[in-house]
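Peer 1: Residue strings, one per chain:
2 protein chains.
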Amino acid sequence: MQNPNLTSLSEWKELKAQARAMSLPKNHLRNLLNQKDRLEKFSLNAEGLFFDFSRQRVNEQVLALLLGIAKKRKLRQNFNKMTSGKHVNLTEDRAALHTATRSFSKESVIENGKNIMPEIIRIREQIKKFSREVHSGKITGSTGLPFKDVVVIGIGGSYLGTEFVATALQFLADKGITLHFLSNVDIDCFGGIASRILPETTLWIVISKSYTTAETAANENQAIQFMKKNGIDPARHLLRVTSQGSPGDDPSKPALRIFHMFDYIGGRFSVTSAVGGVPLSLYLGYDRFERFLRGAEKMDIHAKTAPESRNIPLLAALISVWNNNFLHYPAQGIIPYSSALSKLPPHIQQLAMESCGKSVTQTGEILNVPCGSIIFGEPGTNAQHSFFQLAHQGRPFPIDFIGVIHPHHRENLITSKGVTNHQELWANLIAQPQALARGREDKNPAKFFPGNRPSSTLVIPDLSPESIGGLLAFYEAKTVYEAFIWGINPFDQYGVELGKVMASHLREQMAQKNKDPDHLFEDPDPISRFYLETLFKKSVQPRSRSSAGKQ
Amino acid sequence: MQNPNLTSLSEWKELKAQARAMSLPKNHLRNLLNQKDRLEKFSLNAEGLFFDFSRQRVNEQVLALLLGIAKKRKLRQNFNKMTSGKHVNLTEDRAALHTATRSFSKESVIENGKNIMPEIIRIREQIKKFSREVHSGKITGSTGLPFKDVVVIGIGGSYLGTEFVATALQFLADKGITLHFLSNVDIDCFGGIASRILPETTLWIVISKSYTTAETAANENQAIQFMKKNGIDPARHLLRVTSQGSPGDDPSKPALRIFHMFDYIGGRFSVTSAVGGVPLSLYLGYDRFERFLRGAEKMDIHAKTAPESRNIPLLAALISVWNNNFLHYPAQGIIPYSSALSKLPPHIQQLAMESCGKSVTQTGEILNVPCGSIIFGEPGTNAQHSFFQLAHQGRPFPIDFIGVIHPHHRENLITSKGVTNHQELWANLIAQPQALARGREDKNPAKFFPGNRPSSTLVIPDLSPESIGGLLAFYEAKTVYEAFIWGINPFDQYGVELGKVMASHLREQMAQKNKDPDHLFEDPDPISRFYLETLFKKSVQPRSRSSAGKQ
Chain A
1 MQNPNLTSLS EWKELKAQAR AMSLPKNHLR NLLNQKDRLE KFSLNAEGLF
51 FDFSRQRVNE QVLALLLGIA KKRKLRQNFN KMTSGKHVNL TEDRAALHTA
101 TRSFSKESVI ENGKNIMPEI IRIREQIKKF SREVHSGKIT GSTGLPFKDV
151 VVIGIGGSYL GTEFVATALQ FLADKGITLH FLSNVDIDCF GGIASRILPE
201 TTLWIVISKS YTTAETAANE NQAIQFMKKN GIDPARHLLR VTSQGSPGDD
251 PSKPALRIFH MFDYIGGRFS VTSAVGGVPL SLYLGYDRFE RFLRGAEKMD
301 IHAKTAPESR NIPLLAALIS VWNNNFLHYP AQGIIPYSSA LSKLPPHIQQ
351 LAMESCGKSV TQTGEILNVP CGSIIFGEPG TNAQHSFFQL AHQGRPFPID
401 FIGVIHPHHR ENLITSKGVT NHQELWANLI AQPQALARGR EDKNPAKFFP
451 GNRPSSTLVI PDLSPESIGG LLAFYEAKTV YEAFIWGINP FDQYGVELGK
501 VMASHLREQM AQKNKDPDHL FEDPDPISRF YLETLFKKSV QPRSRSSAGK
551 Q
Chain B
1 MQNPNLTSLS EWKELKAQAR AMSLPKNHLR NLLNQKDRLE KFSLNAEGLF
51 FDFSRQRVNE QVLALLLGIA KKRKLRQNFN KMTSGKHVNL TEDRAALHTA
101 TRSFSKESVI ENGKNIMPEI IRIREQIKKF SREVHSGKIT GSTGLPFKDV
151 VVIGIGGSYL GTEFVATALQ FLADKGITLH FLSNVDIDCF GGIASRILPE
201 TTLWIVISKS YTTAETAANE NQAIQFMKKN GIDPARHLLR VTSQGSPGDD
251 PSKPALRIFH MFDYIGGRFS VTSAVGGVPL SLYLGYDRFE RFLRGAEKMD
301 IHAKTAPESR NIPLLAALIS VWNNNFLHYP AQGIIPYSSA LSKLPPHIQQ
351 LAMESCGKSV TQTGEILNVP CGSIIFGEPG TNAQHSFFQL AHQGRPFPID
401 FIGVIHPHHR ENLITSKGVT NHQELWANLI AQPQALARGR EDKNPAKFFP
451 GNRPSSTLVI PDLSPESIGG LLAFYEAKTV YEAFIWGINP FDQYGVELGK
501 VMASHLREQM AQKNKDPDHL FEDPDPISRF YLETLFKKSV QPRSRSSAGK
551 Q
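Chains as they are written, first to last, in the numbering used here: chain A, 1 to 551; chain B, 1 to 551.
Please note that a few of the clues may not be correct.
Below, a list of computed lysine-lysine pairs in the BS3-like style, where the Cα atoms sit at most 30 Å apart [to be verified]:
#, chain 1, residue 1, chain 2, residue 2
1, A, LYS538, B, LYS229
2, A, LYS447, A, LYS72
3, A, LYS253, A, LYS228
4, B, LYS74, A, LYS447
5, A, LYS114, A, LYS148
6, B, LYS229, B, LYS148
7, B, LYS304, B, LYS114
8, A, LYS537, B, LYS417
9, B, LYS513, A, LYS36
10, A, LYS138, A, LYS175
11, A, LYS36, A, LYS71
12, B, LYS417, A, LYS538
13, A, LYS447, B, LYS500
14, A, LYS443, B, LYS86
15, A, LYS253, B, LYS417
16, A, LYS537, B, LYS36
Hint data in this document are derived by calculation from the structure and do not stem from the laboratory.
I would like the entire structure built from these sequences, with the hints used as guidance.
Peer 2: What follows is the structure, encoded as structure tokens:
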């Protein structure tokens, strides 16, 4: 089965023709940019987010056709189904209600016949009370000392969003708390953190929706042994954020607190739930976490209610599909011109690549177009001095440039070459999309810039919690809209299961070998067996000395 | 002009046919892996680096044809030309002698008729003496206090390699020195570092080959004003690493020391020169820096002398071209199963994308095949919980998996599910390439794994300076060999110039506006003018309220 609903749309076929026309020299971006009022026509401004897609390879016809697809695919209706609690996650028969976690509306959200807003509000109140009691010194460690270090134990969606927000708001962290992330099972991660903290003043937050994640379980075990070795009571120093009813939601296991998340919140969409709420409220204070939620809520309302032609995440999703399926760009760069946003690219990398890295529709039909892009990025101007050579003269890829009008350190007005650092940063932010789009002729082929490389520019006013919440919710809504265009399920991730099963089999063999050094590895696959032996012999054993490819 | 030398080779044409055959079901990786002695035939072991390409989509014929290209393109002769000082950087008429910076051989290296080894050794001796005097307390700050923080001011190649090595060897840093990187011109980077250091105990290292980099100049200016404001003498707290004869190589400008690099060392290949040598010797001690150099030297000798069929970086380069031009993968992941190697992907991202992100040959002919890949990566297992969904079930891309046999914290033997954290890490390292290669049938299309996704696995023994030096030199040599296959110049980067020119024009307008608030921006491009106004008015001004794409 294919995905005919999408590709048999008349708009889809017409867009194919538009894409061919777009490759003609007359439609080079430098010519499109000569269009009168190009920016006015191809930009939107809502809820503090300015979205400029004037440097995308689109024109009015392309946009009209894309908007036609948006209507035929009922994108906004589907988004409303999602926010109102329908089980849009079909394969797992679940709702996807990350938007409810930042709702301050009085309206009910009904999931499985029950209004979930009371439990959402209860969790928020628990987080508020708990973080305030830690900050006031009412809750301390088992030796009576206040908490100074908070270690988040969690991997993937259990930390990437929180790391993004914490890094973006780092300059507001005035609670005397340092935040650490223990994600990788690599023992050097635990070892590195253990050497930088004091057990008496450290609070460990174990975050796992299922509470079955092997890496997180191993790191929790390390943390508990570390506390015991240092005479610290884990029941006073460790708390859990987990799905209601998971193996971690067990009051008989010692814990300072258990905060719930719910089946209807996916890991990569969970930063506005207790997953982000507990660590961010400890790091920044609950009030700032709530401001962050309110920024996200505003963008959710925009994503839900703005008409298609003025809906920023919806438009961004349509352009992403255009770039992906019609202009055939396999990758997309995210380049924030603010180092505080340095963890946005890895967060969006997970959000987008895990949500849209699929080959089948919601209903199990094999897709006949590729979906999902490779997402990568570094802050500008750093990226200019790293991989922009390829962006300008090698393989083209679309870019999201992100600008922040006010830096945090806005009082610093020292100038070089007549401009402040922040102005220098912006001179580059303004120049790069133009250089990529316009290119430059040169008789020397080594100095020729082909141009015609598309980008969007997003501008937020500042590094406030509200702005960061809006930016997060923009990318979440964009990702969901992309998935709805393709008809895929952005909320499952079956593609990570096979590797887990295979690792589990290897783990069992290692455990047997640990118990019995004479155990012979029984893996039928000789390559896996070789690596098992390498690990246990602690060196690569001499192998056949022949040259590669020869007997 | 095209690049007929390469694509008219008989091997190139035969490889096209091989690539078509490789897409047949009988050549699915799961079938190739059933070949007897697959690993023995498709792996190499040299100088502490094990390179397993058994999970690449290659067979004996493909390998033989690729090796035929290596010979016809005279890859090893070209590499020897490079290491012996010939001006292989044709467009800039320069040598490329990063290998000399880690040579401990008594042989001369002649560049422009002069043996450069004495100046290389002189710099090394200067670094040794200087770093030891800092560590012994003979050299202190201007108030007599020892240095505790070292801030590297530099961008792109002036810090990415150093950041990789410093992060990889972080557990050996026993000199009481914290290393910071001030790369981005973003004022929040300077502001953040300034809030974490004491001016009296901070040493600033300004690194710029040309000493004309705008970002570095602006940050140096910030640092000098910061010192002056705090009553600290910059002549005792700031040193420079720069090209001999650059504007920074000026003894009249106050500096504690000036260390030279040379025209024949490219920024992205400079970590074994004073660029890496000064900060790494301060952070780790000179002896460890020298061990790192010796590890790199061993790999250089291998890259230079090993026959094609046993030459690891050369083979890796051939496979990269095969993946790029014949199997049409546009991107490559680098996934080290060691968080200490977390800065390897961004370093290789620059090294590879800036070196190979080209569209013309050394001699100015336009390439008729794409070259260069998009490089990205995160440590495993983190990446599994982030973007591996797409790797398994979405767009395929080749991956370099990297394993480390001994972690730094090897004494930690706490187990979970019967295995140590390090064993859990390896269970995943072993499982992922197999899962990607083999895939799995499933009646449910959502749980079907197509497999046939290629990868290499590289194994190093430990996180020692020697191993890290070898790994660095492997990727450098691989990148150079790739460029030599394509016939491009890996040592220039004209693609970054256009953006700089455009930013410079914008900077001038900003400077005028700073002097005269009534200055009207004269940029003929209305989009750039809009952003200039946004920056100076400190908000996005209301624009035409029409819907996107409509008048």
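Peer 1: Checked against the structure, which of the hints given earlier come out wrong?
Peer 2: 1, 2, 5
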